[in-house]
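Colleague: Please model the entire structure based on the sequences and the hints provided.
By our numbering, the letter at position 458 of the first sequence is numbered 458, and the numbering carries on one by one without gaps.
Derived by calculation from the structure, the hints in this document are not laboratory data. Careful: at least some of the hints might be erroneous.
Unchecked claim - Derived CB-CB ranges, DEER-like:
1) Lys183 to Asp461: 52 to 60 angstroms
2) Lys105 to Glu147: 17 to 25 angstroms
3) Phe27 to Glu135: 22 to 30 angstroms
Predicted, not measured: the structure shown is a model, and the values here were computed from it. Beta carbons: idealized from backbone N, C-alpha and C, even for Gly.
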Amino acid sequence: MPVHNEDIAVIFDEMADLLEIEEANPFRVRAYRNAARTVRGLGRDLGDMVAAGEDLTALPGIGKDLAAKIEEILKTGSAGALKKLHKEVPASLEDLLKIPGLGPKRVRALYQQLGIKTLKQLEKAVRAGTVRELEGFGAKTEQSIQEAIAAHRTEKKKRFLHSVARQYAQPLTEYLRNQKGVKQVVVAGSYRRGKETVGDLDILVAQGARSDVMNAFVDYDEVAKVVSQGATRSTVILRSGLQVDLRLVDEDSYGAALHYFTGSKAHNIQIRRRGQQRGLKINEYGVFRGDKRVGGRTEDSVFKAVGLSAIPPELREGHGEIEAAEKGDLPRLVELAELRGDLHVHTNASDGHASAAQMVEAARAQGLSYLAITDHSRRLTVAHGLDTKRLRAQLAQIDVLNANLKGFTVLKGIEVDILEDGRLDLPDEVLAELDLVIGAVHSHLGLAEREQTERVLRAMDQRYFTMLAHPGGRLLQQREPCALDMARIVEQARQRGCFLELNSQPQRLDLTDVYCQLAKAEGVLVSINSDAHRTEDFADLGGGISQARRGWLESADVLNTRPRTRLRKLLRRTMG
DNA sequence: GCCGTTTTCGGCCCGACTGTTTTCAGTCG
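Modeller: Dropping the structure here:
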């Protein structure tokens with residue numbers, strides 16, 4: 001069985017948990033967590049890197065010891081050090097750590113003094129009232145543990161699609177903005193970094209003088225529960241289950257607080273360490289040399305204090321953005337306004353809800369100057385997919401449409417099913433009449449990695465194949481991505497000169513950031529498409545842009561930032 | 001366990017809130 005980066009990260013995280021319960025050196029624990037993060041965020045497969053004889057200690061946070069452990073895990077699937085830890089600390093204690101309010105110290109106390117190893121045993125002890133007898137525990141702690149177990153049982157802490165979180169964030173920020181004394185309100189955290197899902201909302205409020213905004217916040221009528229409330233920081237749970245943290249700062253600290261609250265944690269740690277090396281202390285109130293404030297009113301001033309140009313929020317994952325900023329190598333990230341067209345659009349000929357003319361009108365309203373009509377092919381009967389005859393009828397309609405359009409072009413395309421054996425669902429003679437052919441996997445999603453990869457590679461090898469739609473096939477929170485060797489797919493795209501889609505549907509956002517970077521490194525152009533089925537779906541392109549930015553893409557890395565003539569040339573090259 | 005503009009030892013990001021305390025530990029972000 002191949003060992004994936006994620007498998008290695010999981011082992012390192014597990015070791016960190018167990019070491020923490022053992023009260024190991026906290027910095028050693030941190031080293032394992034850092035390593036897990038590094039491994040997880042790596043664009044390339046560690047197995048490939050080792051096979052290529054690369055030096056893993058060049059990776060941040062990976063030294064001689066961890067490099068050896070990675071090689072051991074790649075070879076054997078596990079780590080001897082983890083097995084050794086399991087002999088000392090029961091693995092089931094990790095489950096206890098997942099209960100909010102229970103950290104390593106308390107879990108250790110529960111285990112050592114009450115012999116509690118499992119959630120079930122903990123629940124029993126809590127009911128019996130024995131937990132409150134322990135030093136450092138009390139009746140209130142006991143009760144909150146009981147509630148936390150119940151919550152843990154019924155629902156896993158759920159993450160929200162960015163697009164869903166926005167529906168809660170917008171009215172709440174509007175409400176806060178209307179409070180007296182409030183100067184600025186912004187949603188920071190992973191939301192601001194444009195992640196595809198968010199676990200909570202981190203809202204930053206800057207006040208002029210003293211304001212009563214904290215009370216207003218906990219009184220907001222969608223608040224189901226106040227988790228904590230202080231003078232500068234409060235946490236609530238909304239009725240939807242979404243957790244919201246509010247941080248209140250003075251205007252002087254706004255930039256520092258915004259930077260701190262935007263994260264990511266890994267990025268913040270690196271920035272603070274950098275500050276430290278320069279004799280600076282950086283916290284959410286500002287940048288300080290001794291007692292003297294030397295920055296923090298704006299976010300840029302924080303970066304400036306540590307000798308860096310401003311880093312866009314989408315890049316702040318601790319994946320090399322600081323090194324890039326240091327060398328002046330930060331990408332100029334692609335922006336929504338740079339998109340000239342959309343190359344994946346459905347109409348009511350298949351499973352869309354509007355006519356081609358209506359979709360064109362909506363695209364124009366978004367400021368686009370071309371779109372490709374790409375309905376489904378016949379194999380997808382549930383979507384009323386087109387056969388050769390119906391496709392040709394549509395092509396004639398598009399000719400009529402184009403004849404009546406000025407300054408806008410409708411391209412002829414299809415989202416053709418990639419059949420199980422890698423053939424395309426329509427014959428070459430009709431595909432040859434199109435401007436572009438988007439291939440997509442809609443069936444047999446569960447094939448093993450080797451088969452799935454070969455299938456897609458065969459499809460990409462077909463004479464008329466322009467672009468691979470939603471390559472991973474994932475549906476966020478519903479369906480895992482297909483098992484696919486993306487490195488080979490990207491390589492094939494490079495050789496064939498074809499393109500990869502970044503599908504902007506909020507539940508797809510596929511390519512992921514990591515594969516955007518891979519495509520960019522290989523010189524494969526990415527097309528940011530809406531996959532619109534309704535006129536309002538063009539608004540989803542904003543989410544695609546966020547994802548592309550998180551993948552370090554610049555305008556030049558994106559196919560549909562090209563003007564029409566240039567685009568046509570690129571498409572023709574692929575269509576042989 | 002990692003790392004180096006105090007470089008092979010001695011550091012390692014920083015602060016808020018809660019509960020159980022009466023000055024702080026634990027947890028969280």
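Colleague: It remains to establish, for every hint, whether it holds in the given structure.
Modeller: Hints, one by one, checked against the model:
1. Lys183 to Asp461: 52 to 60 angstroms: With a Cβ separation near 58 angstroms, Lys183 and Asp461 satisfy 52 to 60 angstroms, so the hint holds.
2. Lys105 to Glu147: 17 to 25 angstroms: Holds, at about 20 angstroms.
3. Phe27 to Glu135: 22 to 30 angstroms: 26 angstroms, holds
Every hint, counting from the list given before, is met by this structure.
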